[in-house]
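Chains as they are written, first to last, in this note's numbering: chain X, -9 to 141; chain B, -9 to 141; chain V, -9 to 141; chain G, -9 to 141.
Check each hint, because a few of them may be wrong.
It does not matter which identical chain is meant; a pair holds if it fits inside one copy or across any two.
Claimed, not checked - Subject to a maximum C-alpha distance of 27 Å in a straight line, what follows is the list of computed DSSO-like cross-link-like pairs (lysine-lysine):
(1) Lys120 with Lys26
(2) Lys4 with Lys(-7)
(3) Lys26 with Lys(-7)
(4) Lys91 with Lys70
(5) Lys(-7) with Lys16
(6) Lys120 with Lys70
(7) Lys16 with Lys100
(8) Lys91 with Lys16
No wet-lab data here; the hints were simulated from the structure.
Protein chains: 4
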Amino acid sequence: MDKFIPRDNAFESKVRDSFNRQEVMKTVNASIISVKPGQVELEFIHLPSLTQQHGFIHAGIVSTVLDSACGYAAFSLMAKDSEVLTIEFKVNLLSPAKGDKFIAIGTVKKSGRTITVAEGELFAFTGEQKKLIATMTGTIMSVIDREGINN
Amino acid sequence: MDKFIPRDNAFESKVRDSFNRQEVMKTVNASIISVKPGQVELEFIHLPSLTQQHGFIHAGIVSTVLDSACGYAAFSLMAKDSEVLTIEFKVNLLSPAKGDKFIAIGTVKKSGRTITVAEGELFAFTGEQKKLIATMTGTIMSVIDREGINN
Amino acid sequence: MDKFIPRDNAFESKVRDSFNRQEVMKTVNASIISVKPGQVELEFIHLPSLTQQHGFIHAGIVSTVLDSACGYAAFSLMAKDSEVLTIEFKVNLLSPAKGDKFIAIGTVKKSGRTITVAEGELFAFTGEQKKLIATMTGTIMSVIDREGINN
Amino acid sequence: MDKFIPRDNAFESKVRDSFNRQEVMKTVNASIISVKPGQVELEFIHLPSLTQQHGFIHAGIVSTVLDSACGYAAFSLMAKDSEVLTIEFKVNLLSPAKGDKFIAIGTVKKSGRTITVAEGELFAFTGEQKKLIATMTGTIMSVIDREGINN
């Protein structure tokens, strides 16, 4: 990861405040491990309520945590009055999402004036074993006025 | 949608059985509207437990329901002994996911021996208004032996 | 396709002028079939100079023509002083790109103030037979000042 | 990059032979810098015949070289009798493709029995300056019988 300079010194509290307002993060029981300029790590554990038909974590839940990690990595570099909006993402599911615990790392690849590209990796932990199970590439937009996110 | 001929006459019960084993579908309160060869429709309502920081449905939850719709559309055309596995998907978020009710339609675009490509659309309903808010393109694999989905 | 109202009445000449400045369109020998508000059709023929190792058109050339079709579909709806910039796209290769002639159709799915989402389909023609061989979903940005496309 | 063990000791000559059969590589004037197990580097220079309307390399040509780099990175790890087939890819265009020379690096992220996921990066060189201008994530399939790539 390149070194990034945050445009807003209060970037960490800004990210944490917004994360705490994402009700879905409580539903998937995710929490923040760390917030750095351009990189956010989240973790969650295996819950039966998040599984698909084979008992693994559903690909959409994998996407949920990866999207928050990538989106907040982007948000950490945005100006004070910007809101963050995911435009699109792509997820590759490399292996079934099975494990005791999962860590999602979102990292900014390119931080532009309007558009940020971030990449995410999701690791599964089973006992001592760590395995990369999914990747995300997401395109995230900085929106200045609230109107923009409501249209 | 082209007309598709299911390889398994019991395609509908197969899809419904598998859907019922996806615990996450209960968490997002999704249900099946219809199962046709190559097309599956799901619906869910707005729940505060599924929201992001602005009170809209989180993009990952949008992906969760779209992925199940696309995956089961693919599964509806697979042979009797096949399991379904999403390899990757891309989601475009066209508008904020706000509304009273949401309907996801997954439709097979190309059904191959091993690889199926499906497309999904998510519509939001607010009173009488219907709005397309997200699209998915997903690549889904048919896996014959259970070993394959566990590696 | 929804009906779209072009913001610039000279949309067709604007698209044709820009297309003619794409030198790569000469290299792939592509030409415009039609320009409508929100939809552009391009065609090209099989050339040995565009092939991969099995003698089919290379996936990157498939992407080249699809990207121009999608980009110009988006451009046809943009304001007079806007430039068009592709942010990202995804291509699914449904079947090998073999045929005598190919037609790419780019269609706007969502036209926003800044962001346009367009979808493309590439058809191969062999004698009387028509086959869908690739799809694209692309995210395209409207850029007002030339500075933006040079940074 | 993880260390990968090639399944075919003749992986380098296999990749170079296939690359030499891609006629489009001559059209874009690309050549191989290196072939390692799971990683392939290609280079090409700015040619007016590859440009879009602003004089930059067209996004589809960016994709052409990235797809060959990713596909051959995947192919380098495949068994002796396998053919390589790109199923889909996503490209993010981080900055305009301007420069004197371009290097594409394709790297395998996950090598499976049937499915390989590879990531690509394209760097532009202008004098001494090096800049990341595009990324790719591609899904590539190993096909054993030639029939498979013709259906």
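How the hints compare with the structure:
1. With identical chains, the CA atoms of Lys120 and Lys26 are at most 27 Å apart both within one copy (22 Å) and between copies (25 Å).
2. Taking the shortest Cα distances, Lys4 and Lys(-7) sit within 27 Å of each other inside one copy (19 Å), while across copies they are farther apart (39 Å).
3. For the homomeric pair Lys26 and Lys(-7), the shortest alpha-carbon distance inside one copy (10 Å) is at most 27 Å, but the shortest distance between copies (29 Å) is not.
4. Taking the shortest Cα distances, Lys91 and Lys70 never come within 27 Å of each other, neither inside one copy (33 Å) nor across copies (33 Å).
5. Taking the closest pair of Cα atoms, Lys(-7) and Lys16 never come within 27 Å of each other, the shortest separation being 31 Å inside a single copy and 38 Å across copies.
6. Within a single copy, Lys120 and Lys70 get their C-alpha atoms no closer than 36 Å, and across copies no closer than 31 Å, so neither meets the 27 Å cut-off.
7. Taking CA atoms no more than 27 Å apart as the test, Lys16 paired with Lys100 passes in neither setting, with 29 Å inside one copy and 31 Å between copies.
8. Taking the shortest alpha-carbon separations for Lys91 and Lys16, both the intra-copy value of 16 Å and the inter-copy value of 22 Å come in at or below 27 Å.
The structure fails hints 4, 5, 6 and 7 (numbered hints given earlier, in ascending order).
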